[in-house]
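J.: Sequence lines, in order, name chains P and F. The opening residue of the first sequence carries number 5 in this note's numbering; numbering runs sequentially from there. The opening residue of the second sequence carries number 6 in this note's numbering; numbering runs sequentially from there.
Treat the hints with caution; some may be incorrect.
[As the list claims (entries may be wrong)] Simulated restraints on C-beta separations:
| # | chain 1 | residue 1 | chain 2 | residue 2 | range |
| --- | --- | --- | --- | --- | --- |
| 1 | P | I243 | F | R228 | 17 to 23 Å |
| 2 | P | D278 | F | A292 | 31 to 37 Å |
| 3 | P | F133 | F | R228 | 46 to 52 Å |
| 4 | P | L7 | F | D150 | 19 to 25 Å |
| 5 | F | R257 | P | T405 | 28 to 34 Å |
| 6 | P | H264 | F | D150 | 40 to 46 Å |
| 7 | F | G41 | P | S217 | 52 to 58 Å |
| 8 | P | M437 | F | Y306 | 47 to 53 Å |
| 9 | F | L318 | P | S217 | 39 to 45 Å |
| 10 | P | F133 | F | H47 | 47 to 53 Å |
| 11 | F | R257 | P | G406 | 52 to 58 Å |
| 12 | P | F130 | F | R257 | 26 to 32 Å |
I should point out that these hints are in silico values taken from the structure, not numbers from a laboratory. Since we're looking at a predicted model, the values are computed, not measured. Note that the Cβ used here is the ideal one computed from N, Cα and C, for glycine as well.
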Amino acid sequence: MNLDPLLLSRIQFAVTASFHIIFPAITIGLSIWLAVLQGLLLFTGNAIYQRLFDFWLKIFAILFAMGVVSGVVMAFQFGMNWSVMSLKSGSVMGPLLGYETFTAFLLEATFLGLVLYTRNHVRQGFYFFSCCMVAVGATLSSFWILCNNSWMQVPLGYELINGKIIPVDWRSIVLGPVFLNRWMHMLVSTFLTTAMCVLAVGASYVLRGRHLSESRFMMRWSLVTVAILMPLQFYLGDISGKYMYRYQPAKFAAIEARWHHEQPGTEVWFALPDEKNQRNLFSIHTPSVGSWIATGNWTAPVSGLNDFPRKDWPPILVPFFSFRIMVGLGLLILGMGWLGLWLSWRRRLEETRWFLWSAVLAFPSGLLAVIVGWFTAEVGRQPWVVYGLLRTSETVTPSLTGQNVLTTLIVYMLVYSLILFFGCYYVYRIFRMGPTGEEVGNPAVSRLSGVH
Amino acid sequence: MEAYCLQIFWAGLIAFALFMYVVLDGYDLGVGILFGMARDDHDRATMLKAIEPFWDGNEVWLILVGAGLFAAFPMVYAIFLPAFYLPVALMLIGLIFRGVSIEFRYHSNQMRWLWDWGFFVGSLIVSFVQGTAIGRMVEGLPVADGQYAGGAFDWLTPFSLLCGLGLVLGYSLLGAAWLILRTDGDIHDWLYCRIRWLLISVLTILAGVSVLILLMNERVMARWFGHVYLFTFPVFTLLASVGLWIGIPKKRDWFPYVMAVGVFIGAYLSLTASFWPYMIPYSVSIADAAAPVQTLSFLFYGAGVVVFPIVLLYTAFIYWKLRGKV
Numbered sequence: 005m006n007l008d009p010l011l012l013s014r015i016q017f018a019v020t021a022s023f024h025i026i027f028p029a030i031t032i033g034l035s036i037w038l039a040v041l042q043g044l045l046l047f048t049g050n051a052i053y054q055r056l057f058d059f060w061l062k063i064f065a066i067l068f069a070m071g072v073v074s075g076v077v078m079a080f081q082f083g084m085n086w087s088v089m090s091l092k093s094g095s096v097m098g099p100l101l102g103y104e105t106f107t108a109f110l111l112e113a114t115f116l117g118l119v120l121y122t123r124n125h126v127r128q129g130f131y132f133f134s135c136c137m138v139a140v141g142a143t144l145s146s147f148w149i150l151c152n153n154s155w156m157q158v159p160l161g162y163e164l165i166n167g168k169i170i171p172v173d174w175r176s177i178v179l180g181p182v183f184l185n186r187w188m189h190m191l192v193s194t195f196l197t198t199a200m201c202v203l204a205v206g207a208s209y210v211l212r213g214r215h216l217s218e219s220r221f222m223m224r225w226s227l228v229t230v231a232i233l234m235p236l237q238f239y240l241g242d243i244s245g246k247y248m249y250r251y252q253p254a255k256f257a258a259i260e261a262r263w264h265h266e267q268p269g270t271e272v273w274f275a276l277p278d279e280k281n282q283r284n285l286f287s288i289h290t291p292s293v294g295s296w297i298a299t300g301n302w303t304a305p306v307s308g309l310n311d312f313p314r315k316d317w318p319p320i321l322v323p324f325f326s327f328r329i330m331v332g333l334g335l336l337i338l339g340m341g342w343l344g345l346w347l348s349w350r351r352r353l354e355e356t357r358w359f360l361w362s363a364v365l366a367f368p369s370g371l372l373a374v375i376v377g378w379f380t381a382e383v384g385r386q387p388w389v390v391y392g393l394l395r396t397s398e399t400v401t402p403s404l405t406g407q408n409v410l411t412t413l414i415v416y417m418l419v420y421s422l423i424l425f426f427g428c429y430y431v432y433r434i435f436r437m438g439p440t441g442e443e444v445g446n447p448a449v450s451r452l453s454g455v456h
Numbered sequence: 006m007e008a009y010c011l012q013i014f015w016a017g018l019i020a021f022a023l024f025m026y027v028v029l030d031g032y033d034l035g036v037g038i039l040f041g042m043a044r045d046d047h048d049r050a051t052m053l054k055a056i057e058p059f060w061d062g063n064e065v066w067l068i069l070v071g072a073g074l075f076a077a078f079p080m081v082y083a084i085f086l087p088a089f090y091l092p093v094a095l096m097l098i099g100l101i102f103r104g105v106s107i108e109f110r111y112h113s114n115q116m117r118w119l120w121d122w123g124f125f126v127g128s129l130i131v132s133f134v135q136g137t138a139i140g141r142m143v144e145g146l147p148v149a150d151g152q153y154a155g156g157a158f159d160w161l162t163p164f165s166l167l168c169g170l171g172l173v174l175g176y177s178l179l180g181a182a183w184l185i186l187r188t189d190g191d192i193h194d195w196l197y198c199r200i201r202w203l204l205i206s207v208l209t210i211l212a213g214v215s216v217l218i219l220l221m222n223e224r225v226m227a228r229w230f231g232h233v234y235l236f237t238f239p240v241f242t243l244l245a246s247v248g249l250w251i252g253i254p255k256k257r258d259w260f261p262y263v264m265a266v267g268v269f270i271g272a273y274l275s276l277t278a279s280f281w282p283y284m285i286p287y288s289v290s291i292a293d294a295a296a297p298v299q300t301l302s303f304l305f306y307g308a309g310v311v312v313f314p315i316v317l318l319y320t321a322f323i324y325w326k327l328r329g330k331v
């Protein structure tokens, strides 16, 4: 059997990266939520915050452990499967990822040890400080990851010497034109992801009439977060699109399923792109709006895929559909947030059972939006690893055989499924128990018992 | 700053981070291996308590080494990982299992056996595979054009397997010493009875491996007998071992761990001295592998001068804060 190490490596990267992003997407927002709860507890002394904190900390611990172990895989995968990329662009990407470990990862992991295991043994103020350090670590980590990824999307500040990418201007590498926008977009998405999970948990308790005071706090807090942040997120996303139009026109054309140069550009809301005949089937579209979305100008020219050599085309279907799913989920989240807030203002939130049920079912909406958003960004960047500089097909490890990649891919998938299954199960058990302040599982092995 | 100084600085810092990894994650991997030998549930709970606030932070040192190599010596990163493709994947699976096992164990009743087993086997595999990688590196890797040019199973040699066994025992020694430091009572005495045997087996394998390296490789032989003062390092290991041995009856609980770290310092320095300045023995040197000076200085002024000392400070602070028995 002839197995292609390139294709398999790409699948492997997609699997491990998609699996990994689940956990940071929830835990970054959750770490801040925990710090807020601990802060409220410190300043008010209200026991509700204590119960909520304990409850979410248990969930955080499980998700964080899964995030750490799947993140370790990511740290090694660049070298294992993409050694040519590591060699050629390591001088730029290496330091950015290195700074993540130095400034963020160590901070987060070290202080999490304190947060998880020493609550009864340190002063409350210091405990709050430790929670903040975990949140700072998580946020800094996203800073460097987005730095690195933004440079891969829009590489600047380098020169090519003997086929290697050599950094020249760190300022433009670290703070490239698209970085700030993309980082904010990611951070806000993690807050929204967390808020939708918190909302769903609160709603499900209200539906069963349990833990009402905790649930009210959770629902109110998350609805306000969503109602404020989701419009901001649309704004950030729009800016992101305008940058893409400027810096990655081929990717932009693929997302819009635009085959030919147009002036003014038509916006295709929905279609089935037919790559072979370069046309859209079942297209629903509006003239001129495409130009406006790309530039803010109703008559601006927009490029189509035909303006680029065929070998520089990204895949069309994945960016096209994943982008639309992301926007659809965003609209759903916005609707939930505003409707929920309105119901809450009219004091009908707790009686409106269909809304509570929708909130429960919408728990993964933020998470899914993050995943398809990354699909849009990363698949749309193809066929490049570093946009316009380094082709994905030229960067795979030369000594790698298809069998090796296939074997490890299968093993990773089995192990990931196993831990995902048990992780979900244990999170579900904590959720079933609720924020009661009691321990789940066997009290004999409780985290806080028996430590002097 | 001069390129050469920066290269030495980063090689030194990464070597130091690797050493930190070995003595820190080494003890919690070792506890994982001893966990498999534990007599009952109470022992197991005590063992976990002795490491659980630390294991996560300890493991990050490995990522620091990986990321540091990627940043400062991309060539080593790009050769080492493909050369050890399957063992590194095995190690990652092991790390995944032991990591989630520690956490999942709290939440399960019926499935606890699976996580206990996962923690033990995961720790064992991680330790063994790291040892084989060191062994295979010492034997030398085929490199062509800045990329690994060997097969997927080349890492399985009798010598590398011996090194794997050696590191399993070495980490167990660190683990036992750490448990003596952190625990009290029954398990503490149980370990005091066994630590001598661990020490003897570690020293035996260390001696065997050293002789084999000298016989296998003329350049190493020439290095050692051309610079006789290098023998300070193995002598240091020997002194630490003697210290550990005669310190046992005195039952000063911090003593075994400090001496075990001493054993590792001597062995680590001996290994470095044998191959300096090569990062992949006799094919890729520090200067060959180093990233350009722009990269190294960007890392130096931020990560090297500012962040790294802070990391050391809060790591030390946390260990101080959590000192004492569990």
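J.: Taking the hints in turn, state whether each one holds.
T.: Hints versus structure:
1. I243(P) / R228(F): 17 to 23 Å: violated, 59 Å
2. D278(P) / A292(F): 31 to 37 Å: violated, 55 Å
3. F133(P) / R228(F): 46 to 52 Å: Given range 46 to 52 Å: holds, Cβ gap about 50 Å.
4. L7(P) / D150(F): 19 to 25 Å: holds, 24 Å
5. R257(F) / T405(P): 28 to 34 Å: violated, 53 Å
6. H264(P) / D150(F): 40 to 46 Å: With a Cβ separation near 43 Å, H264(P) and D150(F) satisfy 40 to 46 Å, so the hint holds.
7. G41(F) / S217(P): 52 to 58 Å: violated, 46 Å
8. M437(P) / Y306(F): 47 to 53 Å: holds, 49 Å
9. L318(F) / S217(P): 39 to 45 Å: holds, 42 Å
10. F133(P) / H47(F): 47 to 53 Å: Roughly 34 Å apart at Cβ, these two residues miss the hinted range, so it is violated.
11. R257(F) / G406(P): 52 to 58 Å: holds, 56 Å
12. F130(P) / R257(F): 26 to 32 Å: holds, 30 Å
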